Amino acid sequence: ETSIYHTETTLLGISMLCDDLGIDALEDIRVLVLLWKLGANEKPAQISKEEWKKGCIELRVDSMAKFKALLPALDTGFLDRTEFKDFFKFCFQFNRQGTHRTLDKDLVTALIPMTLKDRVPSKRLSTFCDFLTESKDESYSRITLDQWTSFLDFCYEVEDIADYDEATSAWPVLIDEYVEYLEELEKK
Amino acid sequence: MLDNGIKEGKTNMFGAKEYVTIYTTCYDMCTQRSPYNWSRDLYQRHGETIENYLTQTVLPALREKTGQGGTILLAELQHRWSNHQIMNKWLKKFFTYLDRYYVKHHSLPTLEQAGLRHFKSHIYDGTKAESAAAILSLINEEREGEIIDKTLVKSIVELYESMGMGGLEAYTADLESPLLDSTRDYYVKKRESWIVVDSTPDYLIKAERALAQEKNRVADYLNNASETKLLRVCEEELLEKVEMQLLEKEGSGCRVLLANDKSEDLRRMFTLFSRLEKGLNPMADIVQKFISSMGNDIIDKRKARLETEKDKNDDPKFVKSLIELHEKYLGVIKTDFAGHSLFQKALKDAFVEIVNKNVGQYTNAELMSTFCDRVLKSGGEKLSEAEVEENLDRIVQLFSYLTDKDLFAEIYRNQLAKRLLNQRSASDDAEKVMISKLKMQCGTHFTSKMEGMLADLAVGSDQKTEFDAKLKQHNSKLDFSVQVLTTGFWPTYKSPEVVLPEQMSTCMGIFKDWHENKHAKRKLAWIHSLGNASVRGTFGKKSYDMQVTTLQAVALDALNGGKTLTFTELAEKLNLEESVLKPLMHSLSCGKYKVVTKTPASNKINSTDSFKANPKFSSNMRKLRIPMASLDASHNTKRVEEDRSIAIEAAIVRIMKARKTLQHQQLIAEVLSQLAFFKPNPRVIKKRIEALIDREYLERSKDNNNQYNVSSPPPTVVLIGILALA
Numbered sequence: 001e002t003s004i005y006h007t008e009t010t011l012l013g014i015s016m017l018c019d020d021l022g023i024d025a026l027e028d029i030r031v032l033v034l035l036w037k038l039g040a041n042e043k044p045a046q047i048s049k050e051e052w053k054k055g056c057i058e059l060r061v062d063s064m065a066k067f068k069a070l071l072p073a074l075d076t077g078f079l080d081r082t083e084f085k086d087f088f089k090f091c092f093q094f095n096r097q098g099t100h101r102t103l104d105k106d107l108v109t110a111l112i113p114m115t116l117k118d119r120v121p122s123k124r125l126s127t128f129c130d131f132l133t134e135s136k137d138e139s140y141s142r143i144t145l146d147q148w149t150s151f152l153d154f155c156y157e158v159e160d161i162a163d164y165d166e167a168t169s170a171w172p173v174l175i176d177e178y179v180e181y182l183e184e185l186e187k188k
Numbered sequence: 189m190l191d192n193g194i195k196e197g198k199t200n201m202f203g204a205k206e207y208v209t210i211y212t213t214c215y216d217m218c219t220q221r222s223p224y225n226w227s228r229d230l231y232q233r234h235g236e237t238i239e240n241y242l243t244q245t246v247l248p249a250l251r252e253k254t255g256q257g258g259t260i261l262l263a264e265l266q267h268r269w270s271n272h273q274i275m276n277k278w279l280k281k282f283f284t285y286l287d288r289y290y291v292k293h294h295s296l297p298t299l300e301q302a303g304l305r306h307f308k309s310h311i312y313d314g315t316k317a318e319s320a321a322a323i324l325s326l327i328n329e330e331r332e333g334e335i336i337d338k339t340l341v342k343s344i345v346e347l348y349e350s351m352g353m354g355g356l357e358a359y360t361a362d363l364e365s366p367l368l369d370s371t372r373d374y375y376v377k378k379r380e381s382w383i384v385v386d387s388t389p390d391y392l393i394k395a396e397r398a399l400a401q402e403k404n405r406v407a408d409y410l411n412n413a414s415e416t417k418l419l420r421v422c423e424e425e426l427l428e429k430v431e432m433q434l435l436e437k438e439g440s441g442c443r444v445l446l447a448n449d450k451s452e453d454l455r456r457m458f459t460l461f462s463r464l465e466k467g468l469n470p471m472a473d474i475v476q477k478f479i480s481s482m483g484n485d486i487i488d489k490r491k492a493r494l495e496t497e498k499d500k501n502d503d504p505k506f507v508k509s510l511i512e513l514h515e516k517y518l519g520v521i522k523t524d525f526a527g528h529s530l531f532q533k534a535l536k537d538a539f540v541e542i543v544n545k546n547v548g549q550y551t552n553a554e555l556m557s558t559f560c561d562r563v564l565k566s567g568g569e570k571l572s573e574a575e576v577e578e579n580l581d582r583i584v585q586l587f588s589y590l591t592d593k594d595l596f597a598e599i600y601r602n603q604l605a606k607r608l609l610n611q612r613s614a615s616d617d618a619e620k621v622m623i624s625k626l627k628m629q630c631g632t633h634f635t636s637k638m639e640g641m642l643a644d645l646a647v648g649s650d651q652k653t654e655f656d657a658k659l660k661q662h663n664s665k666l667d668f669s670v671q672v673l674t675t676g677f678w679p680t681y682k683s684p685e686v687v688l689p690e691q692m693s694t695c696m697g698i699f700k701d702w703h704e705n706k707h708a709k710r711k712l713a714w715i716h717s718l719g720n721a722s723v724r725g726t727f728g729k730k731s732y733d734m735q736v737t738t739l740q741a742v743a744l745d746a747l748n749g750g751k752t753l754t755f756t757e758l759a760e761k762l763n764l765e766e767s768v769l770k771p772l773m774h775s776l777s778c779g780k781y782k783v784v785t786k787t788p789a790s791n792k793i794n795s796t797d798s799f800k801a802n803p804k805f806s807s808n809m810r811k812l813r814i815p816m817a818s819l820d821a822s823h824n825t826k827r828v829e830e831d832r833s834i835a836i837e838a839a840i841v842r843i844m845k846a847r848k849t850l851q852h853q854q855l856i857a858e859v860l861s862q863l864a865f866f867k868p869n870p871r872v873i874k875k876r877i878e879a880l881i882d883r884e885y886l887e888r889s890k891d892n893n894n895q896y897n898v899s900s901p902p903p904t905v906v907l908i909g910i911l912a913l914a
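One line per chain: the protein sequences are A and B, in this order.
Residue 1 is where the first sequence starts when you use the working numbering, and the numbers rise one by one after that.
Residue 189 is where the second sequence starts when you use the working numbering, and the numbers rise one by one after that.
These are calculated hints, taken from the structure and not from any lab test.
Mixed in with the good hints there might be a few duds.
What follows is a set of in silico ranges between Cβ atoms, one per label pair, in the way DEER data are often shown [as the list claims (entries may be wrong)]: (1) T674/B / Y156/A: 47 to 57 Å; (2) G355/B / T168/A: 51 to 61 Å; (3) Q851/B / E186/A: 21 to 31 Å; (4) E186/A / S462/B: 51 to 61 Å.
Note that the structure is predicted; figures quoted are calculated from it, not measured.
The beta carbon of each residue, even a glycine, is placed where N, CA and C say it ideally should be.
Could you put together the complete structure from these sequences and hints?
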């Protein structure tokens, strides 16, 4: 029954599924969670037939009703730190376009609030996005996987930037500069 | 008989006959069988007799002399001691037999020892304090300049030495120890009065004298073992306790001495403070700060000059001042500070600070390279061969303090190329000498490209003769020679694809064929912007030999015969961009020798201008050199940055390959230690680490964000790529 969604393995098919489920494909993070749980891994923005089949079997969904019933469980609040880290990494990998290994800055500033809502203080999310948007640094027009995952780790490990010590920090330079940005804000 | 013998013994020497008699008597008494053996009694009586004599005769005599002044007591003590020594000696001689058998058999103290012990307990122990005080008082008098009876003192010192029964304990405890205390008190007082009144050099002269005196004192009449201790007390009180005051004294401290080149005073200061453990460190500190401030003055002078003068990449005054400063203090360290490593380090640290302070648009690295250019190019500074070598040597010393050595190398290479290609190098040998000095400082890798450049020229001149012959065969109308450069050794240059006159292209063709024949696999690319030409131009009745660039020659050819061409027409005909044609035409129409007339006349080339050969051109000179602005930048900063990125990544890869896993700060530290020619700040290194993470060579450790592991398996492609370039 679910195979109708699988004639198209791309985002079109996914958005059809979302329509049927009654969730917003673009705004609702549960889409990503679903795809992640199904095991989409080979190529970004797609899920292959095998992955779909295997995933449906593992999640034990074989009807629309079962999909609908699954929805609540797709809340990220259920994931522990380690699981969430993995999901967060998936969000980056899945959203890559074409052969690019990095994400466009604008996409990142859209994804961050969406994926990290309720897991990271909103102040942190908004200042980080502001920082990225305002940055004139050419190299930050695209964000790497390392920078993406480090941001989450940073939010987990450094709650108070007064504890941050750049001299010993192994954090990516992006994070060093973000902390500088926050310190400047605090002064004002 | 014994008693008499002793009494007599103290004044007379015994005659041989009497000696034998007494000896034999003793012998007889000791060798009889018991109970007629008198050994024990004899031994006991020996001791008793001495005791009695000491307590009944000697002691009262001494007591009588106390309170009459130190010297008198000492004299009496010396007399009694001397007597006792004689007595002891004779008694020992008489009763030797006891020593040989009875004493040994019963493990008793020898007669001599027994005699000494008696003297010690009955006489010495009671008098030692007073006589020590007497000696110390004499010593202080001598210190104040009075003459004392050194022989007397020496003999009493010997008494103290002997009272140790083979060791120096008595001397150390009873004389040396109070001596050290009184010496300390004495010099504390001296120091307190000197330090207020005397200048540092004067104080040091006095301290030096005091130390010399004390040393002589020990040699004169004290035990050698006291020398170190005594001098130590003096050093502590006279030098150590006031070192900082002396060094920092207003008007005469170390800094002032340096500023006034007070060589002798500095030398004395160095010698004295080197006696103290860590005594030289504060001095070296002051020297470093002083040299730094002199260097900063030189930098300030440059800054001031830049406010009125144009900022160029050439400032020989500045570089010469730095060299002179360095030479001066190199000399001071050698002569005044015995070349001590602490001061060498002070010089080095000061210069590292100075040399890396850039002012104005141009870095010191560039200024230094241009200075070399002056020395090495023909028509630069007029110097003898020895002077050239000296200058180069000194510049390399300054160079050694530069952090951005790779930047210097890049600029130097560019300037070297210019000299070589324009034949403006004064001496091939001098070029080699400089390169070898840089090689000694930095290793082969650093100078490999420069050496490659020289090698190309050497090969070129060999091949020239061969090609010249070939050219003759073709009856070429033009004299033509080619310099082949190996890519990679030389800087990269713009190479505009200018349209050449036929004669030129023909020559090029001949060369190309000949070269292909010789080296089939090599590809040639022509760089016309570097070529030079000699053009004979006839203006009216006069002819001139013009030394121009290839591009200028081509433009002149286009305007031959009086044609007028607009800027655009020239650009099209010659296939040159505006950025090239403008400086080209400027050199021919707005420079010193205006061989081309520009309409409308002005000092700037506009794309609407038109040009023709100047019919009215004339000059007193027959040979003219018409320079043209260079089309290439003096050096490629971007290239330096790229090379640095590569070097940093290569270092990271090398290190991680060996260690497999490493903590962040350690990685940074090891990378910095491996980079000899520049010092990136940690953020720059981090960016390279991130790049390697992105390329999946490195990964962050799962349990520890501060740790890196080599990815397993590491992608081989990445490795090869980096290591080849490294």
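Legend entry - Non-conforming hints, listed in increasing numerical order: none
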